[in-house]
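Add chain A to chain X, keeping to what the hints say.
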Amino acid sequence: MNRVVFALMLCTCCFSTAVAQQKCDIHIDVLVSEAHNGQPVYPVVVHIDELNATYETNEQGKLVVDSLCPGKYTFHLHAIGHEHYAEQVNVVSSTELKFELSHEENYLNVADVHGKKANSILQDADQVNKAQLAANSGKALADVLQEVNGVSMIANGATIAKPVIHGLHSNRIVMMNNGIRQEDQQWGGEHAPNIDPFMADKITVVKGAASVRYGADAIGGVVSVEPKPLLQNGGWEGELNTAAFSNNRMGVVSGMAGHNFTKIKPLSFRLQGTYKKGGNYRVPGAWVANTGVQETNYSATLGWKEHHYGVELFYSHFDTDLGIYRGAHTGNQDDLNAAIASDKPLVPATFTYDLERPRQHVEHDLYKAKLYADSRLGMWHATYAFQKNYRQEYDVLRKENNKAQMNLTLNTQTLNLNLEHRSLWKLKGEVGVDGIYQENYIQPGDRIFIPNFRSYSGAGYIIERYKLKDWNLEAGVRYDYRQFELFNPEGNAGQVVRYLLAYRNLSWTIGAQKALGDKWNSNIILSNAWRAPQSNELFSSGLHHGAARVEYGNKTLHPERSYNLNLELKGSITDKLTTDISLYTQYIQNFIYLKPGVDLLTIRGYFKTFNYKQTNAQLSGIDFSTAYSWTDKLQSDFKASFLFARNVTNKDWLILMPADRLRLNTKYTFDISEKLRETYINVEGKYVFNQWRIPSNFDQIDYPRPPIAYFLLGASVGATIYAGKQPLDISLTAMNILNQKYRDYLDAFRYFIDQPGSNFVLRVSVPFNSN
Amino acid sequence: MMKYLSFILVAVTIFALSSCDKEKNEVIEEPHVHEEEVITTVRLVITNNAGFNKTFSYKVDNGFNSSSPATPVIDDVVLDANTTYNVDVQVWNESETPAEDITEEVKEEGADHLFLLESSPSTGAGSIGFSNGSKDANGDALNQTLDFTTGDAGTGQLTVTLKHEPTDKSATDPPGAGGETDAQAIFPVTIQ
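Chains X and A supply the protein sequences, listed in that same order.
The opening position of the first sequence corresponds to residue 6 in my numbering, with each subsequent residue numbered one higher.
The opening position of the second sequence corresponds to residue 35 in my numbering, with each subsequent residue numbered one higher.
Hints were generated in silico from the structure; no laboratory data involved.
None of these values were measured; they are calculated from a predicted model.
Any given hint could turn out to be false.
As the list claims (entries may be wrong) - Distance ranges between label pairs, derived from CB positions:
#1 X/Phe703 with A/Pro132: 21 to 29 Å
#2 A/Lys56 with X/Gly499: 19 to 27 Å
#3 A/Asn116 with X/Lys560: 50 to 58 Å
#4 A/Glu57 with X/Arg509: 46 to 54 Å
#5 A/Asn82 with X/Tyr504: 49 to 57 Å
No residue lacks a Cβ here, since even glycine has one placed at the ideal position from N, Cα and C.
This is chain X alone, in the form it adopts within the complex (with noise of 0.2 Å):
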């Protein structure tokens, strides 16, 4: 983009010294129309890049320029949902130029709803940019979406990682990849999302219930990792990528290229591929056993687009294998309580990239096809995608036998048909209906932890939106159904039993953003969501390793319904201090966990026993975020968050809910020379608060207490260098500086190892362009 805005900079030039002596009196009257129905658009953003000058059209899609001298001009024409579009003319005398604009491709899919004209559902939503994607890249996603406030992780050990939003995690988060619903046996906790963070240009978290736009079980929030658009206006693209990691000695490259065919303007294309690879990592004074990682992704991007119609096919594969520190892997209380004891990692261990049992190998393929069409009625957006999961288990074995104890597989296929429909007496909005149908299953001779299972789902939907001078209001419906056949093998014989379960929900959200004067931004929102129970809740009767207790499931659950009142106020007390406050309470009925029962007695010794039980329960906290700019280059953010988790039915507190955190950070940007720009210093401190609310009932459902608080420091320094016009950004960075020991509440490794020591990266990449 930066090369198109700079070679027209230079037509500029050329033709500013031809036309300076012509006769500058030229009227021209621009008309901004829909492509397709003729109706004109406002308000329409045109900027002229010749004149340096912006204009907005009236409510005839009409403006006006004065006074041109002759010449070509360059022509910006942009609008909420629709597409923007640019055309250089030549203009030697006055007349009237006539613009179309057609809908936007992927308005729909536009997540970033937060703070923007309402041209989308309202949500309390934030974003991981470009730049902050770059500042942690090669870290898994969990890792990256620790930069959204109100976001922690719950973790195995340093190398598995789930993002929880608001105390919610697993079963209760959506996450989108490339538009598409992600299914990758997301409700176990040792199961981190297939998506590689490469493929965005950005990603987007949705915090709250969100079930209406993104389907059931978005109860607890929306990730949303989203590549950039395919090149539309000629030429090449691409970014290479590379990081190096000190503590586990993790390589990570990464490269994409994306192109416009200049003969065939409608056809774009775009690969990518990320490769990373990493050996046991260290804690303070140890080295932790069996914790490499090894990860290999790539995807391919093809789209033909023309005005009022497109299609775009993507397919993307994920592959990797993950070792998981063998001393986690206990065989009863008395190992974990000895694991416990132990001041040190009880398996000893040194540097190695080789991977042993305990391990997971995980594949996920995505394919997708989308349509989108303009029509009288709006635009057309067909989406159909199939995905298939691939997840085996290597258990610790006796004897070697290279095979794998579980080999789970889940095909998953989905279609959504949405219509953004024309303004209908100043209501917009969108209806759609969304099918799944999904399959899971084991390999004969595997061990079984969820029984197999088909299911099928449907759903409808309406959101509109209606826009007043200060007020944006909202209003959205979803009915679901989804079916479940299930085949479970029960008792000593293994008889295989067929269940069928159906769930049918209605859910909704109501919305409302105000602006306060020219500065400030409310926005209100309730809204109501549902999440059947799955296959593990319902059925599951294994043994966790890693916690010494055996979980059993419970047929009887009912779906989880959750009532989310979200108040947020965004904006600038001065012009050098903003501020966003975002307060939010979350009603859950039914609300599933897991309840201590007796011990079980089994050839190994005792355990721990739970069972899933419901009870209701209210989630409300507060994110506050502040920056402050004390000049042009020094900035400073403030990120504080604090959630409250009760067990209402119990009058106590849900345990295993991130503790408070609060975090500082301070940078400082300069300039040194042409060829060192966009230099900076970074510092940054992180606070976790002690986890002190935590059941009554604790000490006899897990031991010990939760960890104490812990304060961590990071720095980095960055710099672009030019080579020519060529940019390389280049930075370092170090995480854990003091190389403090600690452990995290929400890691369930926090028994047996400390969280990562000192880790210092250094990233290089190379972004190039040609048009």
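For chain A alone, kept in the frame of chain X given last:
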């Protein structure tokens, strides 16, 4: 436009059809589950040259995958006072028919295993002393066979633990040995 719609229809049909094939239906509807390396039983085969020959079992069947586990079978170990016995410690999977003897496998992988025997009380009335424990291929302790020497008449408790990948093979109790517990049997003991 129609072209693309028909493409989608074809794609949907292909996947719909592929999900209908018979073999896959079988895989989904008739899950065949096999839990590997299951141990259900610890057996003590105890003999001596005075013609004593008895087997004592500690059996907990299907502890994990059933919500109604079978009642454990725990034999009382009844021995004579101040006598020496030869003991063969065995582990079995009795959830299969015929029952599978896992002891051989443990011996083959002897370097990765260790039987730990503990007596409570450790000396005096009701106690058992241990000696002559068998070794693995590296000459480290395995204790798959060993000798028991009983104390005076009384009652006590005998704990047999099988450790997998112990970090210290010279240890005499489970916490010291490290590794993972594969089986743990606690027998009541009567010395008479």
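Hint check for X/Lys560 and A/Asn116 - Cβ pair distance inside 50 to 58 Å: 57 Å, holds
Could one say that the CB atoms of X/Phe703 and A/Pro132 fall in the range 21 to 29 Å? Since the Cβ atoms of X/Phe703 and A/Pro132 sit about 47 Å apart, the hinted range of 21 to 29 Å is violated.
Does the hinted range 19 to 27 Å hold for A/Lys56 and X/Gly499 at CB? Hint holds: Cβ distance 22 Å, inside 19 to 27 Å.
Is 49 to 57 Å a correct range for the gap between the Cβ atoms of A/Asn82 and X/Tyr504? 55 Å, holds
Has the hinted range 46 to 54 Å been met by the Cβ atoms of A/Glu57 and X/Arg509? Distance hint for A/Glu57, X/Arg509 is violated at roughly 32 Å.
When the structure is compared with the earlier hints, violations turn up for hints 1 and 4 and for no others.
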